[in-house]
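First to last, the sequence lines map onto chains A and B.
Under the numbering used here, the first residue of the first sequence is numbered -12, with each subsequent residue one higher.
Under the numbering used here, the first residue of the second sequence is numbered -12, with each subsequent residue one higher.
Hints listed in this document are in silico derivations from the structure and should not be mistaken for laboratory results.
Keep in mind it's a predicted model, so treat the numbers as computed, not measured.
Where hints are given, some of them may not hold.
Said to hold, decoys possible - Calculated from the model, a selection of chain A residues having no Cβ within reach of chain B, i.e. all distances over 12 angstroms:
# : residue
1 : 25
2 : 27
3 : 50
4 : 54
Claimed, not checked - Covered, in the sense of this in silico footprint (three residues per stretch, anywhere, with C-beta under 8 angstroms from a C-beta of chain A), are these stretches of chain B:
# : region
5 : 1 to 8
6 : 59 to 69
7 : 72 to 85
Stated by the list, open to error - Calculated pairs, EDC-like style, for lysine to aspartate or glutamate (alpha carbon to alpha carbon, straight line, at most 16 angstroms):
#  : chain 1 : residue 1 : chain 2 : residue 2
8  : A       : 65        : B       : 72
9  : B       : 65        : A       : 83
10 : A       : 65        : B       : 83
11 : A       : 65        : B       : 69
12 : A       : 65        : B       : 79
13 : B       : 35        : B       : 2
14 : A       : 35        : A       : 2
15 : B       : 65        : A       : 69
16 : B       : 65        : A       : 27
17 : B       : 65        : A       : 79
Don't be surprised by glycine CBs; every beta carbon is placed ideally from N, CA and C.
Protein chains: 2
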Amino acid sequence: MSTDQLSVTFAALSDPTRRAILGRLIAGERSVTELAEPFDMSMPAVSKHLRVLERAGLIARGREAQWRPCRIEAAPLKQVADWTERYRHIWEARFDRLDTYLQQMEAKEKAHARKQRRK
Amino acid sequence: MSTDQLSVTFAALSDPTRRAILGRLIAGERSVTELAEPFDMSMPAVSKHLRVLERAGLIARGREAQWRPCRIEAAPLKQVADWTERYRHIWEARFDRLDTYLQQMEAKEKAHARKQRRK
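Start from the sequences, fold in the hints, and give me the full structure.
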């Protein structure tokens, strides 16, 4: 297990339940009970996921209120976004090439259709 | 272990060596030997990392050449970037609040300095 921040963040995000929990927190703070609701999962299992997210710094839990609401801490997600930016030109170049290819195919088909009509 | 594409991608990216390998491929295709060079690691260990990246669809290996060069496949990285976009407004709002706070602190300090000069 790697312990650098980005590795810990990626590991925490490699589970669909944990990503769904983060997704629910976009709307605002939620209690553990509220977060557990949509999942067919025991409370200890949900708590375990929350601990992984908390250790990764992806969520924080209030200390004031009795219900200790969870909220998103977005800094590690910004780090992920910044990391992926280095690769953006690669997928954009790829989609540009695909676009050019599709345009060429379309032009060829139109030329073919015109020829057929002239016959 | 989750098997959905995004989970597999995040798991593959949760290792600093695998991210470093991807980073080296930004410049273009590389042989396995070239990729292994900067790492203090056995060839089987490097090959294992490459297999994880290949299974996640993050790299592809040429079939033509004898040296089977590795190249980045950026589609899963685009998926990661798209996923993080949903959270951008959260970290941006946070940085905006921090900005406002710092500006207020600066204004207070200037006001204080003016008062001191008048004395």
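Okay, the hints, checked on the actual structure:
Look at residue 25 of chain A: its CB is around 17 angstroms from the nearest CB on chain B, clear of 12 angstroms, so calling it non-interface holds up. No beta-carbon of chain B comes within 12 angstroms of the beta-carbon of residue 27 of chain A; the shortest separation is about 16 angstroms. No Cβ of chain B comes within 12 angstroms of the Cβ of residue 50 of chain A; the nearest lies about 19 angstroms off, and the non-interface call holds. At roughly 21 angstroms, the least C-beta separation between residue 54 of chain A and chain B is larger than 12 angstroms, which holds for a residue marked as non-interface.
Given as covered by chain A, the region 1 to 8 of chain B passes the check, having 4 residues with a CB less than 8 angstroms from a CB of that chain where 3 are the minimum. With 7 residues bearing a CB less than 8 angstroms from a CB of chain A, the region 59 to 69 of chain B meets the requirement of three and the coverage assertion stands. As drawn, the region 72 to 85 of chain B meets chain A at 7 residues by the rule of a beta-carbon pair under 8 angstroms; at three or more, the given contact holds. At roughly 9 angstroms between alpha-carbon atoms, residue 65 of chain A and residue 72 of chain B fall within 16 angstroms of each other, so this suggested pair holds.
Pair hint residue 65 of chain B plus residue 83 of chain A holds up; C-alpha atoms about 14 angstroms apart against a cutoff of 16 angstroms. Distance restraint check for residue 65 of chain A and residue 83 of chain B: the Cα-Cα separation of roughly 14 angstroms lies within the 16 angstroms cut-off, and the hinted pair is therefore satisfied. Proposed proximity of residue 65 of chain A and residue 69 of chain B is supported: the alpha carbons are some 12 angstroms apart, at most 16 angstroms. Annotation: proposed proximity of residue 65 of chain A to residue 79 of chain B holds, straight-line Cα distance about 9 angstroms (limit 16 angstroms).
Only pairs whose Cα atoms come within 16 angstroms are accepted, and residue 35 of chain B paired with residue 2 of chain B is accepted, the gap being roughly 12 angstroms. Between residue 35 of chain A and residue 2 of chain A, the direct Cα distance comes to roughly 12 angstroms. Compliance with the 16 angstroms bound is thereby established for this hinted pair. For a cut-off of 16 angstroms, the pair hint linking residue 65 of chain B to residue 69 of chain A stands: about 12 angstroms separates their Cα positions. Pair hint residue 65 of chain B plus residue 27 of chain A does not hold up; C-alpha atoms about 30 angstroms apart against a cutoff of 16 angstroms.
For the given pair, residue 65 of chain B sits about 9 angstroms from residue 79 of chain A by alpha-carbon distance, which is consistent with the 16 angstroms threshold.
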